[in-house]
Structures are given as C-alpha cells and as structure tokens.
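Asks: For reference, the chains in residue letters:
Number of protein chains: 2
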Amino acid sequence: MLFIHVNHPWPNINSVLFRNFAHVIHILIHSVMRKIRTIEMKRLTVEEYHQAEKLPLIVVLDDVRSMYNIGSVFRTSDAFRVEAVYLCGICQTPPSTEIHKTALGAEESVSWRYFKTALEAVGELKKAGYTVLSVEQVEHSTKLQTFVPQRGLKYAVVLGNEVKGVHQEVVDASDGCLEIPQLGTKHSMNVSVTAGIIIYKFAEKLILI
Amino acid sequence: MLFIHVNHPWPNINSVLFRNFAHVIHILIHSVMRKIRTIEMKRLTVEEYHQAEKLPLIVVLDDVRSMYNIGSVFRTSDAFRVEAVYLCGICQTPPSTEIHKTALGAEESVSWRYFKTALEAVGELKKAGYTVLSVEQVEHSTKLQTFVPQRGLKYAVVLGNEVKGVHQEVVDASDGCLEIPQLGTKHSMNVSVTAGIIIYKFAEKLILI
Numbered sequence: 606m607l608f609i610h611v612n613h614p615w616p617n618i619n620s621v622l623f624r625n626f627a628h629v630i631h632i633l634i635h636s637v638m639r640k641i642r643t644i645e646m647k648r649l650t651v652e653e654y655h656q657a658e659k660l661p662l663i664v665v666l667d668d669v670r671s672m673y674n675i676g677s678v679f680r681t682s683d684a685f686r687v688e689a690v691y692l693c694g695i696c697q698t699p700p701s702t703e704i705h706k707t708a709l710g711a712e713e714s715v716s717w718r719y720f721k722t723a724l725e726a727v728g729e730l731k732k733a734g735y736t737v738l739s740v741e742q743v744e745h746s747t748k749l750q751t752f753v754p755q756r757g758l759k760y761a762v763v764l765g766n767e768v769k770g771v772h773q774e775v776v777d778a779s780d781g782c783l784e785i786p787q788l789g790t791k792h793s794m795n796v797s798v799t800a801g802i803i804i805y806k807f808a809e810k811l812i813l814i
Numbered sequence: 606m607l608f609i610h611v612n613h614p615w616p617n618i619n620s621v622l623f624r625n626f627a628h629v630i631h632i633l634i635h636s637v638m639r640k641i642r643t644i645e646m647k648r649l650t651v652e653e654y655h656q657a658e659k660l661p662l663i664v665v666l667d668d669v670r671s672m673y674n675i676g677s678v679f680r681t682s683d684a685f686r687v688e689a690v691y692l693c694g695i696c697q698t699p700p701s702t703e704i705h706k707t708a709l710g711a712e713e714s715v716s717w718r719y720f721k722t723a724l725e726a727v728g729e730l731k732k733a734g735y736t737v738l739s740v741e742q743v744e745h746s747t748k749l750q751t752f753v754p755q756r757g758l759k760y761a762v763v764l765g766n767e768v769k770g771v772h773q774e775v776v777d778a779s780d781g782c783l784e785i786p787q788l789g790t791k792h793s794m795n796v797s798v799t800a801g802i803i804i805y806k807f808a809e810k811l812i813l814i
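Protein sequence lines, in the order shown, are assigned to chains A and B.
Per our numbering, the first sequence starts with residue 606, numbered consecutively.
Per our numbering, the second sequence starts with residue 606, numbered consecutively.
Please note: incorrect hints may appear among the correct ones.
Identical copies go unnamed one by one, so any copy, or any two together, can satisfy a pair.
[Claimed, not checked] As a list, the in silico DSS-like pairs of lysine-lysine whose alpha-carbon atoms are at most 25 Å apart:
id	residue 1	residue 2
1	K659	K810
2	K647	K748
3	K810	K748
4	K769	K731
No wet-lab data here; the hints were simulated from the structure.
One chain only, chain A, in its complex shape (with noise of 0.2 Å):
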C-alpha cells in the first residue's frame, strides 16, 4: 500500500487569507454563470419591435380552440420576432384575458390577422409568394430534422385544431407539409409546443446561425 503525505495548501479557515481565498471562488462561480437579471436582458420596446426586421415566417393558425394556446404561440413569435400570427376560423383574437394570459403582452408586440377560413389565408399567402407549409402527420411528409429552409424565401406554416390537426383541404392547398416525428405512446404534440418546436426551426437555420 502507498501513502502519500501531503502538506495541505490551504489557509486556515479563520484566517483573513482564507475568506478572501474563498470570497475570490465565490466571485469566480459566479462571473462564470451568474444568471443574468431582468433589466440586463435590454429586451425591445414594443416600438422597437415594430420596427426590427423580422423573420421571414407568419404561422396560421387554423381552429386552434384554446385561448391559453393562442397567446403561448404569440409569446413563442415575439421571442423569434414571426412576422405575423394570422388567426382562421374558431381562433378567438386579441384582446382576450385568455389569450394574454399567456402571451403577457406579446399580442401588443407581434402582428395578427383574422381570416374566415385557414384555406383562405393559405390562398392569400401563396398569392404573396409565401412558400405555405401545413404542419401535419401526412403521407410523403417532410420530415422535420431533414428540412432546411432557404434564406431569401418567404414562409408560412399551418398549425390545426388540438383535436383534429389541420383540415385536409388546407393540406392540399399547401407547397407541401412538415411532420415532426413522434417515437411514443401519444398521437399528437401540444400545439403550441409544436409551434415552439418548428419556429425555433426557422429562427435556429435563418437569424440565429
């Protein structure tokens, strides 16, 4: 067996040494991944919002029924600055206690729109050249890990009902469709994790890299 003696380095606890030593390391954890407060984020002012360039995407969204999901995906596209939510069919809009209850103002910050119908929106944005891409469980989908959008194209993207996804119709009138793949026991994804999901797509490949 080895034994090694070793002459311990450190300062005694009560010395002033030693609690400056430890105060340094204290100092040095926290400069490190101190989190960062409030005030420091210097977030953008609603104007300011208004005015900065946005990304290339507006999500329609086609009888999304609950409020709270409505305003979660208006707080998702004012973190990645979506162009625009256009609201189709059952979608209640703004104002809305539900709806700002989880978007917390972002309904004041990210433009939005009213359509009678999704299929209708989808016939306007493929009339803008908007490239419209449902996002659905369909057959020959593209699957979400593979699909890179092209800078210097406009998009838009379907998001359907909790219950029964995006109407067929509106899948047929799109450019093509985005699945995101699921390996468990559930059919489907919240909507607006889903939204989450495939807008931080567009940001992650089109601003943030």
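With chain A fixed as given, assemble chain B onto it according to the hints.
Replies: Okay, now just chain B, sitting in the frame of chain A:
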C-alpha cells in the same frame, strides 16, 4: 415582343376524358399528402414504451408551479422517449387531474421521480455520470443553436420556475448552461415550450438524424 402559340393540351371541360383527368389529379393530390389516421400511426403501447430504447436525456423540473406545464413536459417527453422526468421542490406529482389534463396519459409511459430539491437531483445525476445542463439566461452560456449533444454521453437538463427560473445554486452545480436566444420584447418563454425546443434538439441530433 415574342408571341408563342400553344395548342392547349387540356381536354374539353365537359368531356368524360376531362372528368376522369380531374379525378386522377384529385387522387394524386390526396395520395401525396393524405393525413395519416390515428390507427395508422402504430404508436407504442405503454408496455412497449417501457421496453423501448430511450433518448439519453433526463428532464429535471426545479420548482415548476403549473401542473399544466408539468403535464405538457410529460407529453413532449413521451413523444421523444425521454429517459425520465425528475420533479423537484414545489412540483406536484402524478396522479393529478391537472397534470393528466395536459399529459393525456404520458405520465403513465414516462418514468418519473420526486426530489425535495433540484440540487439533490443534480448531485445524484452527476454522481451517476450525467452531464447536467441548466436551461437559463446566464453569462457565458452555450447558445442552443451552437450546441451539439455528443453521442455516448448521458445528459440531464434543468428547467426552472415560471417566474424565478433555475435556482442560482443549481446553475452553479451544473456542468454548463444552455440558453435559447430571445429577440423580442418578453424576458422569457413558457417553460413547456422551452422544454419542447430543448428536448427536440437532443432528439434531432441523437435519434432522428
């Protein structure tokens, strides 16, 4: 100016040939992007899920207050076969009507454990060889768009309270911090949406591609 005369190849609109032609086009569109029915999705049963290979990722929730957010994290974790969800501090645990409302049964498929504090969970995870990453806006964070999880490593990500985020001492105990850049007016994103973006990133890089 150049004029091109084209012999229009379409058959007369009233002819049988035209109607057959339109019918074929209709079938073609539907065969290309037909929505897949629930019974065709062939999702796993809960028993099959328990046996299936998992994503090497544990999701740690540090004082998440909303049971709807907890349930939503379960639902997303099921979709990407997350190894487990660790519920810490004030997090409620299944069985719970509120958690079930957004988990929709995923609390039965996804493994979970409860810890009095996230710090305790992180300590155990580090001892077990997990790389622990807090999801926070901190100085010197790793931005999610530059992060690539390494194959062969086991990961845990910590997500914090809706208002206060991850505790500073949990951040300090982590091996690093992941940050999702935010470009809008709001200071943070919804915790279940954030979890969705993070979990998808691991799934995309480790099991989907």
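Asks: For each hint, tell me whether it holds in the structure or not.
Replies: Each hint tested on the structure:
1. K659 with K810: within (14 Å within a copy, 27 Å between copies)
2. K647 with K748: between (36 Å within a copy, 17 Å between copies)
3. K810 with K748: both (15 Å within a copy, 13 Å between copies)
4. K769 with K731: within (23 Å within a copy, 43 Å between copies)
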